[in-house]
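Here the sequence shown stands for residues 1 to 334, where the numbers follow the UniProt record's numbering.
Derived from the structure by calculation, the hints contain no laboratory data.
Mixed in with the good hints, there may be bad ones.
Said to hold, decoys possible - Derived SDA-like pairs (lysine to any residue); straight-line CA-CA distance at most 25 Å:
(1) 25 / 205
(2) 124 / 109
(3) 51 / 9
(4) 194 / 85
(5) 27 / 119
(6) 27 / 79
(7) 160 / 192
(8) 160 / 137
(9) 208 / 142
(10) 114 / 209
(11) 160 / 267
(12) 249 / 68
(13) 124 / 212
(14) 114 / 137
(15) 24 / 53
(16) 25 / 40
(17) 251 / 109
(18) 25 / 78
(19) 160 / 266
(20) 124 / 66
(21) 278 / 227
(22) 51 / 66
(23) 24 / 41
(24) 25 / 52
(25) 251 / 276
(26) 124 / 65
(27) 24 / 140
(28) 249 / 279
(29) 114 / 25
(30) 249 / 97
(31) 160 / 278
(32) 194 / 149
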Amino acid sequence: LGAPVGDTLTSARNPAEKALPGFKKVKPQVYAGLFPVSSDDYESFRDALGKLSLNDASLFYEPESSSALGFGFRCGFLGLLHMEIIQERLEREYDLDLITTAPTVVYEVETTAKETIYVDSPSKLPPLNNIYELREPIAECHMLLPQAYLGNVITLCIEKRGVQTNMVYHGNQVALTYEIPMAEVVLDFFDRLKSTSRGYASLDYNFKRFQASDMVRVDVLINNERVDALALITHRDNSQSRGRELVEKMKDLIPRQQFDIAIQAAIGTHIIARSTVKQLRKNVLAKCYGGDISRKKKLLQKQKEGKKRMKQIGNVELPQEAFLAILHVGKDNK
Numbered sequence: 001l002g003a004p005v006g007d008t009l010t011s012a013r014n015p016a017e018k019a020l021p022g023f024k025k026v027k028p029q030v031y032a033g034l035f036p037v038s039s040d041d042y043e044s045f046r047d048a049l050g051k052l053s054l055n056d057a058s059l060f061y062e063p064e065s066s067s068a069l070g071f072g073f074r075c076g077f078l079g080l081l082h083m084e085i086i087q088e089r090l091e092r093e094y095d096l097d098l099i100t101t102a103p104t105v106v107y108e109v110e111t112t113a114k115e116t117i118y119v120d121s122p123s124k125l126p127p128l129n130n131i132y133e134l135r136e137p138i139a140e141c142h143m144l145l146p147q148a149y150l151g152n153v154i155t156l157c158i159e160k161r162g163v164q165t166n167m168v169y170h171g172n173q174v175a176l177t178y179e180i181p182m183a184e185v186v187l188d189f190f191d192r193l194k195s196t197s198r199g200y201a202s203l204d205y206n207f208k209r210f211q212a213s214d215m216v217r218v219d220v221l222i223n224n225e226r227v228d229a230l231a232l233i234t235h236r237d238n239s240q241s242r243g244r245e246l247v248e249k250m251k252d253l254i255p256r257q258q259f260d261i262a263i264q265a266a267i268g269t270h271i272i273a274r275s276t277v278k279q280l281r282k283n284v285l286a287k288c289y290g291g292d293i294s295r296k297k298k299l300l301q302k303q304k305e306g307k308k309r310m311k312q313i314g315n316v317e318l319p320q321e322a323f324l325a326i327l328h329v330g331k332d333n334k
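With these hints in hand, go ahead and build the complete structure from the sequences.
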């Protein structure tokens with residue numbers, strides 16, 4: 001796809017031994033899956049990403065397949081704003097309809113076999129019994145804000161699992177430095193910081209290190225089938241509340257059908273939340289005239305047996321909003 005900014009051009013006959021120094025490749029901080037709504041748009045989608053990446057060296061993408069969403073791409077972005085801009089450009093300039101999965105950061109995983117791997121998607125996380133240690137990226141956040149909002153901002157940082165490393169007063173302004181997990185920063189930290197400080201606080205952050213943390217993957221099961229595109233990685237302390245909230249959101253978004261739809265959130269084999277979308281009951285007696293009770297019983301029994309079969313082979317169609325619901329888990333109740 002051409003020569004990215006930073007590549008060294010050299011003679012084919014007499015090539016240089018090493019590249020020119022001073023160029024550093026930009027590393028994505030946030031990853032998300034992008035999938036075309038129609039599988040017919042896959043080729044157009046791939047070409048569009050190729051064209052965008054020519055003038056945006058920070059955009060990373062690789063093919064990804066999902067059992068729920070089909071074929072798409074795992075894309076890396078500098079942050080949530082960058083992700084939104086790329087998605088909007090794809091939809092406006094290239095006339096594509098896309099589904100976006102929840103954004104995640106890169107986790108460092110040390111397996112029980114003493115291998116170190118980097119995971120940018122919940123579906124790539126090894127089983128719990130194969131993980132020796134899971135490390136999350138920590139961001140060093142520098143904030144400048146008026147003294148009047150100091151208490152509120154410190155409360156927000158603590159809520160986001162932050163650790164204060166420095167605080168300096170400059171007249172009526174305070175320079176705060178916190179180490180906060182990158183997953184918390186990229187989710188909604190900037191929006192909350194602006195609302196907490198009424199727009200007066202500024203934020204600058206950069207990756208600091210990987211740190212061991214008690215993170216778990218929360219899977220969503222629809223009628224006992226795991227939906228890989230709805231999984232999320234979160235801290236164990238927040239897993240119960242986020243699992244419950246996600247299940248309730250899914251219940252509101254999945255349309256009712258001719259059979260019950262069980263929605264569960266699970267950590268490994270342990271179910272942490274459950275809800276049910278109740279079935280629509282079709283009136284099978286509508287065309288049954290007269291008072292023949294045995295005929296009515298026969299029709300109701302036939303409907304009951306049919307629903308049993310539907311439960312076994314029932315393929316639940318998830319609306320696009322269901323995949324976007326995960327983006328708002330943990331926000332609405334703040």
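Now the hints, each set against the structure:
Between residue 25 and residue 205, the direct Cα distance comes to roughly 18 Å. Compliance with the 25 Å bound is thereby established for this hinted pair. A hinted pair counts as satisfied when its Cα atoms are at most 25 Å apart, and residue 124 with residue 109 qualifies at roughly 11 Å. For a cut-off of 25 Å, the pair hint linking residue 51 to residue 9 stands: about 21 Å separates their Cα positions. In summary, the hint linking residue 194 to residue 85 is supported, as the alpha carbons are separated by about 20 Å, within the 25 Å threshold.
For the given pair, residue 27 sits about 14 Å from residue 119 by alpha-carbon distance, which is consistent with the 25 Å threshold. Only pairs whose Cα atoms come within 25 Å are accepted, and residue 27 paired with residue 79 is accepted, the gap being roughly 11 Å. For the hint pairing residue 160 with residue 192, the CA-to-CA distance comes to about 11 Å; that is within 25 Å, so the pair holds. A threshold of 25 Å between alpha carbons decides the hint, and for residue 160 with residue 137 the separation of about 14 Å falls inside it, so the pair holds.
A threshold of 25 Å between alpha carbons decides the hint, and for residue 208 with residue 142 the separation of about 12 Å falls inside it, so the pair holds. For a cut-off of 25 Å, the pair hint linking residue 114 to residue 209 stands: about 20 Å separates their Cα positions. For the hint pairing residue 160 with residue 267, the CA-to-CA distance comes to about 22 Å; that is within 25 Å, so the pair holds. Proximity of residue 249 to residue 68 is assessed by CA-CA distance (about 18 Å); at most 25 Å being required, the pair is judged to hold.
Using a Cα cut-off of 25 Å, the hinted pair residue 124 and residue 212 holds, with the two alpha carbons roughly 18 Å apart. Distance hint between residue 114 and residue 137 is fulfilled; the C-alpha atoms sit about 19 Å from each other, no more than 25 Å. Our distance criterion of 25 Å between C-alpha atoms is met by residue 24 and residue 53, whose separation comes to about 17 Å. For a cut-off of 25 Å, the pair hint linking residue 25 to residue 40 is broken: about 33 Å separates their Cα positions.
With a C-alpha separation of about 33 Å, the suggested pairing of residue 251 with residue 109 is violated against the 25 Å cut-off. Using a Cα cut-off of 25 Å, the hinted pair residue 25 and residue 78 holds, with the two alpha carbons roughly 12 Å apart. A C-alpha spacing of about 23 Å is found between residue 160 and residue 266, which places the hinted pair at or below 25 Å, so the restraint holds. At most 25 Å may separate the alpha-carbon atoms for a hinted pair to count; residue 124 and residue 66 meet this at roughly 11 Å.
For the hint pairing residue 278 with residue 227, the CA-to-CA distance comes to about 20 Å; that is within 25 Å, so the pair holds. Simply put, residue 51 and residue 66 have alpha-carbon atoms about 24 Å apart, close enough for the 25 Å limit, and the pair holds. The straight-line distance between the Cα atoms of residue 24 and residue 41 is roughly 34 Å, outside the 25 Å bound, and the hint therefore fails. Under the criterion of a C-alpha separation no larger than 25 Å, the hint pairing residue 25 with residue 52 is consistent with the structure, at around 17 Å.
Between the alpha carbons of residue 251 and residue 276 the distance comes to roughly 7 Å, so the proposed pair stays at or under 25 Å and holds. Under the criterion of a C-alpha separation no larger than 25 Å, the hint pairing residue 124 with residue 65 is consistent with the structure, at around 12 Å. Of the pairs offered as hints, the one joining residue 24 and residue 140 holds, with about 20 Å between alpha carbons and a cut-off of 25 Å not exceeded. Taken as a hint, the residue 249 and residue 279 pair is honoured in the structure, with Cα atoms around 17 Å apart against an allowance of 25 Å.
Annotation: proposed proximity of residue 114 to residue 25 is violated, straight-line Cα distance about 28 Å (limit 25 Å). Our distance criterion of 25 Å between C-alpha atoms is met by residue 249 and residue 97, whose separation comes to about 23 Å. Between the alpha carbons of residue 160 and residue 278 the distance comes to roughly 36 Å, so the proposed pair goes past 25 Å and is violated. Only pairs whose Cα atoms come within 25 Å are accepted, and residue 194 paired with residue 149 is accepted, the gap being roughly 11 Å.
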